[in-house]
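Trainee: Sequence:
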Amino acid sequence: MRVICKNTRGLKDTRIWEILNELTAIQWDILLLSETPAPDDDVLLTGGHRLLTSNGGDIYAGVAVMIHSRWCEHIINIGRISGRIMYVDIRIGTMIYRYIAAYVPHSDYTFQVFEEIINEMRGVLEDGRKLKYKCILGGDLNTQIGHGDRSNYLWDLFQELGMTITNLSDDSLPEEKWTFRSSLGILRQLDYVISDDSLQCESAGPVDYLDLGSDHRGFQQCIEYFSRYFYQGRGLPTRMWIGIDFSRILRICLRRISEAWRT
1 MRVICKNTRG
11 LKDTRIWEIL
21 NELTAIQWDI
31 LLLSETPAPD
41 DDVLLTGGHR
51 LLTSNGGDIY
61 AGVAVMIHSR
71 WCEHIINIGR
81 ISGRIMYVDI
91 RIGTMIYRYI
101 AAYVPHSDYT
111 FQVFEEIINE
121 MRGVLEDGRK
131 LKYKCILGGD
141 LNTQIGHGDR
151 SNYLWDLFQE
161 LGMTITNLSD
171 DSLPEEKWTF
181 RSSLGILRQL
191 DYVISDDSLQ
201 CESAGPVDYL
211 DLGSDHRGFQ
221 QCIEYFSRYF
231 YQGRGLPTRM
241 WIGIDFSRIL
251 RICLRRISEA
261 WRT
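If you're matching positions, the sequence shown starts at 1 in the working numbering and goes up one per residue.
Just to be clear, a hint being listed does not mean it is correct.
Simulated restraints on C-beta separations [what the hints assert, rightly or not]:
| no. | residue 1 | residue 2 | range |
| --- | --- | --- | --- |
| 1 | Arg122 | Cys201 | 28 to 36 Å |
| 2 | Asp215 | Glu160 | 14 to 22 Å |
| 3 | Gly146 | Glu115 | 29 to 37 Å |
| 4 | Glu18 | Lys130 | 37 to 45 Å |
| 5 | Ile186 | Thr94 | 40 to 48 Å |
| 6 | Ser151 | Arg9 | 19 to 27 Å |
| 7 | Lys130 | Ile75 | 13 to 21 Å |
| 8 | Gly57 | Gln200 | 35 to 43 Å |
| 9 | Leu44 | Ile186 | 36 to 44 Å |
| 10 | His74 | Trp178 | 32 to 40 Å |
| 11 | Ala25 | Glu115 | 36 to 44 Å |
Hints listed in this document are in silico derivations from the structure and should not be mistaken for laboratory results. The C-beta atom is built at its ideal place from N, Cα and C for all residues, glycine as well.
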(Lines of atoms letter the chains of each structure in order from A; the text may use other names.)
(Lines give C-alpha, C1' and ligand atoms only; values in the text may rest on other atoms or scores of the structure.)
Protein backbone atom coordinates (compact mmCIF):
# COMPACT_ATOMS: atom_id res chain seq x y z
CA MET A 1 0.00 0.00 0.00
CA ARG A 2 1.68 3.19 -1.17
CA VAL A 3 0.58 6.39 0.57
CA ILE A 4 1.95 9.72 -0.69
CA CYS A 5 1.57 13.12 0.94
CA LYS A 6 2.14 16.32 -1.03
CA ASN A 7 1.66 20.07 -0.64
CA THR A 8 0.27 20.94 -4.07
CA ARG A 9 0.09 24.74 -3.72
CA GLY A 10 -3.40 24.71 -5.18
CA LEU A 11 -5.72 22.21 -6.82
CA LYS A 12 -7.17 23.63 -10.03
CA ASP A 13 -8.40 21.39 -12.85
CA THR A 14 -5.08 21.68 -14.69
CA ARG A 15 -3.19 20.61 -11.57
CA ILE A 16 -5.47 17.60 -11.08
CA TRP A 17 -4.73 16.61 -14.67
CA GLU A 18 -0.97 16.96 -14.00
CA ILE A 19 -1.27 14.71 -10.93
CA LEU A 20 -3.21 12.03 -12.80
CA ASN A 21 -0.76 12.18 -15.69
CA GLU A 22 2.24 11.59 -13.40
CA LEU A 23 0.47 8.85 -11.43
CA THR A 24 0.04 6.73 -14.55
CA ALA A 25 3.76 5.89 -14.38
CA ILE A 26 3.81 4.70 -10.75
CA GLN A 27 1.96 2.36 -8.44
CA TRP A 28 -0.06 4.29 -5.87
CA ASP A 29 -3.03 3.82 -3.57
CA ILE A 30 -3.74 6.95 -1.51
CA LEU A 31 -2.70 10.62 -1.90
CA LEU A 32 -2.94 12.92 1.15
CA LEU A 33 -2.84 16.49 -0.20
CA SER A 34 -2.46 19.84 1.56
CA GLU A 35 -2.81 23.51 0.63
CA THR A 36 -5.63 22.65 -1.74
CA PRO A 37 -7.99 25.66 -1.53
CA ALA A 38 -10.86 24.00 -3.38
CA PRO A 39 -14.52 23.94 -2.24
CA ASP A 40 -15.74 20.85 -0.37
CA ASP A 41 -16.30 18.36 -3.13
CA ASP A 42 -16.40 14.73 -4.22
CA VAL A 43 -15.07 14.29 -7.75
CA LEU A 44 -14.96 11.13 -9.83
CA LEU A 45 -11.76 11.31 -11.87
CA THR A 46 -10.55 9.69 -15.07
CA GLY A 47 -9.79 6.03 -14.44
CA GLY A 48 -12.43 5.75 -11.73
CA HIS A 49 -10.27 7.38 -9.03
CA ARG A 50 -11.94 9.63 -6.47
CA LEU A 51 -10.92 13.06 -5.12
CA LEU A 52 -12.40 14.28 -1.83
CA THR A 53 -11.69 17.86 -0.72
CA SER A 54 -12.31 20.02 2.35
CA ASN A 55 -11.54 23.69 2.94
CA GLY A 56 -13.96 24.70 5.71
CA GLY A 57 -14.33 28.16 4.19
CA ASP A 58 -10.62 28.95 4.65
CA ILE A 59 -9.17 30.21 1.36
CA TYR A 60 -5.62 29.88 2.72
CA ALA A 61 -5.95 26.22 3.71
CA GLY A 62 -7.55 23.16 2.13
CA VAL A 63 -6.86 19.43 2.36
CA ALA A 64 -7.80 16.56 0.07
CA VAL A 65 -7.63 12.78 -0.23
CA MET A 66 -7.29 11.06 -3.59
CA ILE A 67 -8.20 7.36 -3.64
CA HIS A 68 -7.22 4.86 -6.31
CA SER A 69 -10.15 3.24 -8.11
CA ARG A 70 -9.31 -0.16 -6.59
CA TRP A 71 -10.33 1.13 -3.15
CA CYS A 72 -13.23 3.46 -3.99
CA GLU A 73 -15.92 0.83 -3.40
CA HIS A 74 -14.45 0.14 0.04
CA ILE A 75 -14.86 3.66 1.45
CA ILE A 76 -17.09 3.48 4.54
CA ASN A 77 -16.87 7.01 5.95
CA ILE A 78 -15.68 10.54 5.06
CA GLY A 79 -14.97 13.18 7.70
CA ARG A 80 -14.43 16.85 6.81
CA ILE A 81 -13.36 18.40 10.12
CA SER A 82 -12.05 21.74 8.80
CA GLY A 83 -9.96 23.22 6.04
CA ARG A 84 -6.90 21.68 7.66
CA ILE A 85 -8.02 18.22 8.79
CA MET A 86 -10.07 15.59 6.95
CA TYR A 87 -10.13 11.80 6.84
CA VAL A 88 -11.42 8.85 4.85
CA ASP A 89 -12.06 5.40 6.34
CA ILE A 90 -11.48 2.46 3.98
CA ARG A 91 -12.03 -1.23 4.64
CA ILE A 92 -9.20 -3.41 3.31
CA GLY A 93 -9.65 -7.09 4.02
CA THR A 94 -10.66 -7.47 7.66
CA MET A 95 -9.17 -4.12 8.73
CA ILE A 96 -10.37 -0.53 8.50
CA TYR A 97 -7.78 2.15 7.79
CA ARG A 98 -8.25 5.84 8.54
CA TYR A 99 -6.32 8.06 6.10
CA ILE A 100 -5.95 11.60 7.44
CA ALA A 101 -4.87 14.64 5.41
CA ALA A 102 -3.42 17.47 7.52
CA TYR A 103 -2.20 21.00 6.89
CA VAL A 104 -0.81 22.59 10.06
CA PRO A 105 -0.58 26.42 10.27
CA HIS A 106 2.92 27.91 9.91
CA SER A 107 4.69 29.95 12.57
CA ASP A 108 3.09 33.25 11.52
CA TYR A 109 -0.13 31.98 13.06
CA THR A 110 -0.54 32.23 16.84
CA PHE A 111 0.08 29.23 19.05
CA GLN A 112 -3.64 29.25 19.87
CA VAL A 113 -4.54 28.68 16.21
CA PHE A 114 -1.88 25.95 15.99
CA GLU A 115 -3.27 24.29 19.13
CA GLU A 116 -6.84 24.33 17.74
CA ILE A 117 -5.76 22.41 14.64
CA ILE A 118 -3.71 19.93 16.70
CA ASN A 119 -6.75 19.32 18.91
CA GLU A 120 -8.77 18.55 15.78
CA MET A 121 -6.02 16.13 14.76
CA ARG A 122 -6.05 14.55 18.22
CA GLY A 123 -9.81 14.07 18.09
CA VAL A 124 -9.65 12.25 14.74
CA LEU A 125 -6.77 10.02 15.90
CA GLU A 126 -8.35 9.21 19.27
CA ASP A 127 -11.65 8.37 17.58
CA GLY A 128 -9.83 6.06 15.18
CA ARG A 129 -8.06 4.28 18.05
CA LYS A 130 -11.36 3.89 19.91
CA LEU A 131 -12.84 2.22 16.82
CA LYS A 132 -9.69 0.07 16.47
CA TYR A 133 -8.91 1.54 13.06
CA LYS A 134 -5.34 1.75 11.74
CA CYS A 135 -4.52 5.44 11.31
CA ILE A 136 -2.19 6.93 8.71
CA LEU A 137 -1.73 10.71 8.72
CA GLY A 138 0.11 12.68 6.08
CA GLY A 139 0.61 16.30 5.21
CA ASP A 140 2.52 19.54 5.58
CA LEU A 141 3.08 19.97 9.34
CA ASN A 142 4.98 23.26 8.83
CA THR A 143 7.55 22.33 11.47
CA GLN A 144 10.73 20.29 11.69
CA ILE A 145 10.32 17.48 14.18
CA GLY A 146 12.96 17.96 16.88
CA HIS A 147 13.14 21.75 16.53
CA GLY A 148 11.08 24.04 18.77
CA ASP A 149 7.98 24.03 20.96
CA ARG A 150 5.50 23.24 18.19
CA SER A 151 7.60 20.30 17.12
CA ASN A 152 7.70 19.00 20.70
CA TYR A 153 3.94 19.41 20.96
CA LEU A 154 3.45 17.22 17.86
CA TRP A 155 6.05 14.70 19.01
CA ASP A 156 4.31 14.26 22.39
CA LEU A 157 0.95 13.79 20.64
CA PHE A 158 2.21 11.07 18.30
CA GLN A 159 4.07 9.28 21.08
CA GLU A 160 0.99 9.34 23.31
CA LEU A 161 -1.22 7.87 20.59
CA GLY A 162 1.19 5.16 19.44
CA MET A 163 2.08 6.70 16.07
CA THR A 164 5.40 6.39 14.24
CA ILE A 165 6.89 9.33 12.30
CA THR A 166 8.21 7.39 9.31
CA ASN A 167 10.50 10.22 8.16
CA LEU A 168 12.60 9.75 11.28
CA SER A 169 13.17 6.06 10.54
CA ASP A 170 14.29 6.81 6.97
CA ASP A 171 17.88 5.71 6.27
CA SER A 172 18.59 8.29 3.57
CA LEU A 173 21.34 10.88 3.94
CA PRO A 174 20.43 14.29 5.46
CA GLU A 175 20.69 16.09 2.11
CA GLU A 176 18.19 13.58 0.67
CA LYS A 177 15.54 14.01 3.38
CA TRP A 178 14.33 17.54 2.67
CA THR A 179 10.73 18.11 1.59
CA PHE A 180 10.72 21.92 1.32
CA ARG A 181 13.13 24.31 -0.44
CA SER A 182 12.79 27.98 0.51
CA SER A 183 13.25 30.87 -1.92
CA LEU A 184 16.78 31.22 -0.47
CA GLY A 185 17.54 27.57 -1.18
CA ILE A 186 17.32 26.46 2.46
CA LEU A 187 16.24 22.80 2.72
CA ARG A 188 13.87 21.72 5.49
CA GLN A 189 11.80 18.67 6.37
CA LEU A 190 8.20 19.84 6.80
CA ASP A 191 6.09 17.10 5.19
CA TYR A 192 5.52 13.82 7.02
CA VAL A 193 3.66 10.53 6.98
CA ILE A 194 2.82 9.25 10.48
CA SER A 195 1.31 5.80 10.91
CA ASP A 196 0.05 3.40 13.55
CA ASP A 197 2.90 1.63 15.37
CA SER A 198 1.47 -1.78 14.49
CA LEU A 199 1.79 -1.26 10.72
CA GLN A 200 4.73 -2.82 8.89
CA CYS A 201 6.54 -0.01 7.06
CA GLU A 202 8.54 -1.45 4.18
CA SER A 203 10.05 1.86 3.07
CA ALA A 204 9.57 5.59 3.44
CA GLY A 205 11.18 8.65 1.92
CA PRO A 206 10.80 11.78 -0.19
CA VAL A 207 9.93 11.45 -3.88
CA ASP A 208 10.68 13.69 -6.84
CA TYR A 209 7.66 12.80 -8.94
CA LEU A 210 4.49 14.89 -8.55
CA ASP A 211 6.65 18.00 -8.90
CA LEU A 212 3.79 20.30 -10.00
CA GLY A 213 6.07 23.35 -9.75
CA SER A 214 5.67 23.31 -5.96
CA ASP A 215 8.48 24.16 -3.53
CA HIS A 216 7.55 20.97 -1.62
CA ARG A 217 8.57 17.42 -2.49
CA GLY A 218 6.18 14.57 -1.90
CA PHE A 219 6.80 11.98 0.81
CA GLN A 220 5.70 8.38 0.52
CA GLN A 221 5.28 5.41 2.82
CA CYS A 222 4.96 1.84 1.57
CA ILE A 223 3.15 -0.58 3.88
CA GLU A 224 3.73 -4.28 3.42
CA TYR A 225 1.08 -6.98 3.68
CA PHE A 226 2.16 -10.61 3.82
CA SER A 227 -0.42 -12.32 6.02
CA ARG A 228 -3.59 -10.37 5.16
CA TYR A 229 -5.98 -11.59 2.50
CA PHE A 230 -8.23 -9.37 0.48
CA TYR A 231 -11.38 -10.98 -0.96
CA GLN A 232 -12.44 -10.12 -4.47
CA GLY A 233 -15.02 -11.29 -6.97
CA ARG A 234 -16.57 -14.54 -5.71
CA GLY A 235 -14.72 -14.50 -2.45
CA LEU A 236 -11.47 -16.08 -3.63
CA PRO A 237 -8.55 -14.86 -1.52
CA THR A 238 -5.81 -12.89 -3.22
CA ARG A 239 -2.56 -12.40 -1.35
CA MET A 240 -1.63 -8.73 -0.99
CA TRP A 241 1.94 -7.48 -1.36
CA ILE A 242 1.57 -3.89 -2.35
CA GLY A 243 3.85 -0.91 -2.82
CA ILE A 244 7.30 -2.27 -1.98
CA ASP A 245 9.96 0.09 -3.34
CA PHE A 246 12.67 -2.42 -4.28
CA SER A 247 14.87 0.19 -5.97
CA ARG A 248 15.07 2.19 -2.74
CA ILE A 249 15.86 -0.92 -0.69
CA LEU A 250 18.65 -1.77 -3.15
CA ARG A 251 20.12 1.74 -2.90
CA ILE A 252 20.15 1.55 0.90
CA CYS A 253 21.81 -1.89 0.86
CA LEU A 254 24.47 -0.75 -1.60
CA ARG A 255 25.21 2.35 0.43
CA ARG A 256 25.60 0.32 3.63
CA ILE A 257 27.92 -2.16 1.87
CA SER A 258 29.98 0.75 0.57
CA GLU A 259 30.21 2.32 4.05
CA ALA A 260 31.22 -1.03 5.58
CA TRP A 261 33.88 -1.53 2.90
CA ARG A 262 35.40 1.91 3.55
CA THR A 263 35.65 1.20 7.29
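Trainee: Hints first: check each against the structure and report whether it holds.
Mentor: Evaluation of the provided hints:
Between Arg122 and Cys201 the C-beta distance comes to about 22 Å, which lies outside the given range of 28 to 36 Å. Checked against the hint of 14 to 22 Å, the pair Asp215 and Glu160 fails, with Cβ atoms roughly 32 Å apart. At about 19 Å, the CB distance of Gly146 to Glu115 disagrees with the hint of 29 to 37 Å. Between Glu18 and Lys130 the C-beta distance comes to about 38 Å, which sits within the given range of 37 to 45 Å.
Range check, Ile186 to Thr94: about 45 Å between beta-carbon atoms, so the 40 to 48 Å window is met. At about 23 Å, the beta-carbon gap between Ser151 and Arg9 stays in the expected band of 19 to 27 Å. Our hint of 13 to 21 Å for Lys130 and Ile75 holds, since their Cβ atoms are close to 20 Å apart. Checked against the hint of 35 to 43 Å, the C-beta distance between Gly57 and Gln200 comes to roughly 39 Å, which is consistent with it.
Under the hint 36 to 44 Å, the C-beta atoms of Leu44 and Ile186, about 40 Å apart, fit the expected range. At about 34 Å, the CB distance of His74 to Trp178 agrees with the hint of 32 to 40 Å. One distance hint, 36 to 44 Å for the beta-carbon pair Ala25 and Glu115, holds here, with the actual separation near 40 Å.
Violation of the numbered hints given earlier is confined to hints 1, 2 and 3; the remaining hints are satisfied by the structure.
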